[in-house]
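Protein chains in written order, with my numbering: chain A, 1 to 271; chain B, 272 to 664; chain C, 665 to 1010; chain D, 1011 to 1302.
Hints should not be assumed to be uniformly reliable.
Straight-line alpha carbon distances no greater than 30 Å define the calculated DSSO-like cross-link-like pairs of lysine-lysine that follow [stated by the list, open to error]: (1) B:LYS374 with B:LYS344; (2) B:LYS651 with B:LYS414; (3) D:LYS1181 with C:LYS785; (4) B:LYS571 with B:LYS651; (5) C:LYS787 with D:LYS1181; (6) B:LYS374 with B:LYS335.
So the derived list for chain C, only partly shown, Cβ under 7 Å to chain D, looks like this [unchecked claim]: (7) VAL735; (8) LEU766; (9) PHE804; (10) ILE920; (11) PRO971; (12) GLY978.
Some chain D residues near chain C, calculated using beta-carbon distances under 10 Å [as the list claims (entries may be wrong)]: (13) ALA1280; (14) LEU1293; (15) GLY1295.
It is worth saying that the hints were derived from the structure and are not from the lab. Glycine included, C-beta positions come from ideal geometry on N, C-alpha and C.
Here is what each chain is made of, one letter per residue.
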Amino acid sequence: MTASPILEVSGVSLAFGGVRALNDVSFTVPEGAITAVIGPNGAGKTSLFNTISGFYRPQSGSIRFAGESLDGVRAPQRAARGLARTFQNIALFRGMTVLDNIKLGRHAHMRTGVLDALFYWGRAQKEELELRAEIEERIIDFLEIQHIRNASVGTLSYGLQKRVELARALAMRPRILMLDEPVAGMNREETEDMARFILDVKEEWGVTILMVEHDMGMVMDISDHVVVLNFGQVIASGTPREVQGNDAVVAAYLGSGDVGAIARRIKAEAA
Amino acid sequence: MTNTNLDRRQLLAGTAALAGMTLGVRPLAAQDGGDIVLGGSIPLTGVFAFAGVGIHAGIQDYLKILNDGGGIKGRKIKYVAEDTAYKVDASVAAFNKITSQEKVSLYYGDSTGFSKTINPELDRRGSMIMAGASFATELNDPKKFPLQFMAGPDYTEMFGILLRYIAKEKPGARVAFVYSDSEFGRDPIAPSEAVAKELKLSVVEKIVTPPGSVDVSTEVLKLRRANPDFTIFHGYVLAPIPEFVAQAKQMGMKSQFMGTFWTMDNSTVQRMGDSADGFMGVMPYRYYYDKDGSSPMLEKIRQMRPEYQSTGYLQGFVTAMLMAEAVKRTLDAGKELTGVNLKAGLNSIKDFDTGGLFGVPISIPGNSVPVGRIYRFDAKAKQMQPASDWIKL
Amino acid sequence: MRIGTLKTSYAADEALFDTPTQRLLLGLLALGAIAFPFVASPYWLFLACLCAINVASATGLNLLTGYTGLVSLGQAAFMSVGAYTVAVLEIRLGTPFFINLLVGAGLAAMIGILVGIPSLKVKGLYLAIATIAASVILHFLFAHWSLTGESRGLSMPPARLFGLTLDQPFSLYWLIMPVTCLMVLGAANLLRTRIGRAFIAIRDRDISAEVLGIPLLRYKLTSFAISSFYAGLAGGLWAYFFRVVTPESFPLVNSIFYLAAIIVGGMGTILGGILGAVFMTLVPELLKFVANWATPIYPDALAALAPVRTIVFGGLIVGFLIFEPRGLAEIWRRLRRFFHLWPFRT
Amino acid sequence: MDTLFLAEVTLAGLGAGALYALTGVAFVLIYKATRVVNLAIGEILMLGGYAFLGFAAGLGLSPWLALPLAIAAGGALGWLVERALIRPMLGESPISVFMVTIGLGSILAGVVQLGWGADPLRLPEFMPSTPVFIGEAYLAPKVAIGFVAAAVVIGLFLALFRFSRGGVALKATAADQGAAYSVGIDVPRVFSVAWILACATAAGAGVLIGAIGGISPTMGVFGLSVLVVVIIGGLDSIAGALVGGLLIGLVEALAGAFLGGEFKLVVTFALLLVLLMVRPYGLFGTHEIERL
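Here chain A stands alone, though its shape is the one from the complex:
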């Protein structure tokens, strides 16, 4: 806990019909750090992300972002305020090129109206060209995806698609970047690349990162702060080292496939 929190989740509960997805969830995300949310499958991690994004409306509790309440703020406005995210099952737009997908991220910060757009002169053109230059110089070069900028997203490998999603989130001028399983399904090399990009984003761009991830190795390596969810409740939070030693966490992972991973990790730490 170094800096003041940029995101405060307090007492959030969410239910679908009779199913409680989130139960009185509270935690904070410190600015400029990497916070990871972990937990077994079905613990409510993605529901939590969707609630923060504004896609679900919680039955109770509130979320504050950069000191302001997000109650009643709809998803697009949250995005405009700097809540950027990627999706667990990749939500790239297949009908657009990589470049256009990335450009889309900037949507909320652009001013082009219908009339400007129809004639494509003055503001519209200026804005588009500025955006293009910025994306090329800051994002595409940074994420090393020059070679695919005009490709259709459907043709890309899984790892590259994840990287394009990250690029799009960066184009959103994020103050907080929410990554939903950024390395799921990646091989070792791709995972390492992605971890490096995430660390670079934090350091070079000064963006706070909140991520959900199953890859314990990566979580423990790069996170500054870990929140553990189980059955929609926060069962532990703290530094990676603190969380690993927590009995409740180990218990939560018992019976799930991840227990082996966490046990190995703990052994490795001890050695």
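Keeping the supplied structure of chain A fixed, place chains B, C and D upon it in accordance with the hints.
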């Protein structure tokens, strides 16, 4: 269509079409003294096809008789037609196509919509007169439609003839109008109400049916409640008249059912099945099988076509005849074939004998020929029989 | 043959027509379009104008259905709003045609927004049916309102420009063709800005789009508005072209026609809208030629034409959806690629 | 007199509504099994009428033989359409499949016109024409027969779904095609059977409707009213089709009687719009949950 002459003509049309396809070729204008062209936007397909096919044949047959007899002052009338499927834009397209390939002096249009659409263009060109399948009241106005005419009474005049007959048969009768919710259907309703009032008839119910409706149960119930002595249908071809009449008769209604020109074809009425007997309506021409009086033209038609020909056929035939007469009168007067001259020639027709197709000699002072007769369907003879004398308005 | 792209600025890379070959072809096409009225017969001019009007309307529908993914069966109804407005203004006020066209299109856009409001709650086919409902209501209004001439409709005077009367395909061509070109260009421009990207995002994954900062309702309504604006403008042009507007001028089957046009042409490409509209307009005419040629061999060819036309219309929709779902634009793209690499084909 | 008139109008409306419901059931059947919105239902219905005419008038068969033959022809058409047009579209967007059915409708209308011409035709009379009186209220005999036939068929369908193995398979397929497949339900066969049953039903409805008002190549527009019916009832609900059908029949009849024939269509579509705003998935339709 086994006629070789016909095939050659259609081959010609095909060749012309081919020529037209090659862009940049300006249409070959027929020189003066060459063939006179009758163009046509004909509904050979679509909802009005039943009439269009007959019209097409009627025009062809009359022109064949005319041309075989040497034409008009040695000039033949050439017929160039296009199918329109009874759609206004297709009709306009056909008009543009034909007029870009031929020097057209006469034109047959297929609908009220087309007649109205093309009217400014007719005035602008000033080179032809037009008639067609529409008897819309609106078109019967020489000021607004100076270059058009119709080969019969307009729809309001048809109603007028029917109402006059009713007033004579049963003074003060109760009358109901049943019409479709379309331009065709609504055309004569308002003016005819006024006519009925003049004739001291009471219009007890006006029933609008949506176009293309099948189930008319509620409408029949409404009609029964109004209990009219006479019910006039307008704006339909066949459906839903048969069901209407059948249900009404089942309910024990005694009303006399009547129709206007386009429902009056023998085969149409016959298709009403059991309801057809006694169905009445107004018709400006003699039926194909009408042997009363002298009608040399009908004789000729019966020779050319031994089988029954529809009212659409007669309409096309008569229209072509009146057009040819207008051409003849214009050429006789030594005038150029312009729209205005042709119309003047047409309007000079006075007490003209159509070879018995109209039962009486006709005059065309304006845009219509307000003559007609009431016919009644005889189920035993399977024919329409005259129920009145010729009525001239 | 063309190999490699060498561009030195982002502006060049963002241009609509980014290669010299493309610009040359476009220039030739423009020259052809200008020369056309002087060499073509009135019949072909008539068809050219009709194609242009249909291209304008289909392009509008393509923005809504092809790009935003909202199916509408109301395009013809929106056209009728434009057509009637133009006719009423021309008859009652006699205002200049460009004002009439814009007012008509604007009114159509407003009604489009109104019709689009259910689009937030109502999706896919339910929405398509809602647009049919709107068409039925509009048709009823026009057929029973004295201002719009009830079932008789309205006949209107031609457009006038500097004392000239635009009442011929030749003169109308100079009104219709440029307006259509501007509309197509506008659509292409729109699609390279944030608005176009938002449309595609809504089509592909509407919910994710919202989380990425795109307000769904606003953009769906924007799409409806632009699409109906295009329809209204096309309808206005139609009115000046035919100079009579009746309730039967814009039946539901015309809405289906425009949907078919963008399917056959290729949904979600500007080129597709153009190709599809031109193709679908010309097919019936081509069939007419075929019927004329076939008549000497098969005398009933002309009478068999309408059913055949209906069958071909349906067959094209079905055939393209099953065998070439990306339409004529995709065929065109393949042809082009073939010629780019020719003769070094891979 | 006025209450009698109201009663008669109501009866007529319910009679027409039963035919809407019957066709609506055919529509729902296809939608439930295959998630296809079949806009060609009106044209299939039309084809049923023409097939009946072909068998009865063309081949001179007894109407009572022609009727099952026409229904069978409808079923065969359903099988063919599913195999040739719908199955290749599996996995495509619903809009594309919807457009395929629109194209199919156009093809069918053209084929009928090519074969029988564009003129409206009358079916041979095969129903009794003695008027039916319920109390004092008159009911057209054909409408009464249509009502009874529709009620019997819908009742049969409801029983079939509730109690038969096929009904269970249909329900499972409707709920989740993938899951149904994995538990051993022959999903393609369910598709086939649904199309056959639905098109056969529509063809039968076509004969009933044709007997009342005659047949023409444009009678496919009946499908449009049916669309309103199933949207109001909910695309995937048989009960919805039943309620929606009777409701629309009644509303049309009342609008026709008290406002005028030109109001029929506009009133039902206005009702549809209002309902869609309140209940976007119809009265009985399943609301689909959206996922990110």
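(Q) Hint validation: ILE920 of chain C versus chain D, beta carbon distance must be below 7 Å. Holds or violated? (A) This hint holds: ILE920 of chain C lies near chain D, its Cβ roughly 6 Å from the closest one there, short of 7 Å.
Q.
Given the hinted pair LYS651 of chain B and LYS414 of chain B, is their Cα-Cα distance within 30 Å?
A. violated, 47 Å
Q: Below or equal to 30 Å on CA atoms is what counts here, so check LYS374 of chain B against LYS344 of chain B.
A: With Cα atoms ~18 Å apart, LYS374 of chain B and LYS344 of chain B stay inside 30 Å; holds.
Q) For the pair supplied as a hint, LYS787 of chain C and LYS1181 of chain D, is the alpha-carbon distance within the 30 Å limit? A) Roughly 23 Å separates the two Cα atoms, so the pair holds.
(Q) Let's test the interface hint: is any C-beta of chain D closer than 7 Å to that of PHE804 of chain C? (A) holds, 4 Å
Q.
Would the hint on GLY978 of chain C be counted as holding, given a Cβ-Cβ threshold of 7 Å to chain D?
A. Hint holds; GLY978 of chain C Cβ to chain D Cβ min 3 Å, cut 7 Å.
Q.
For the restraint on VAL735 of chain C, tell me whether the closest CB of chain D is nearer than 7 Å.
A. Cβ of VAL735 of chain C sits 5 Å from chain D, so the hint holds.
Q. Do the numbers back the hint for GLY1295 of chain D, that is, is its least Cβ distance to chain C under 10 Å?
A. Since the shortest Cβ distance to chain C is 9 Å, the answer is holds.
Q) Does LYS785 of chain C lie within 30 Å of LYS1181 of chain D when you go C-alpha to C-alpha? A) holds, 26 Å
Q) Is the shortest C-beta separation between LEU766 of chain C and chain D less than 7 Å? A) Violated, because the Cβ-Cβ distance from LEU766 of chain C to chain D comes to roughly 28 Å (cut-off 7 Å).
Q.
Restraint: PRO971 of chain C near chain D, CB-CB cut 7 Å. Satisfied or not?
A. Holds, because the Cβ-Cβ distance from PRO971 of chain C to chain D comes to roughly 4 Å (cut-off 7 Å).
Q) For the hint on ALA1280 of chain D, does the least C-beta distance to chain C fall short of 10 Å? A) holds, 6 Å
In summary, the numbered hints that this structure violates are 2, 8, 14.
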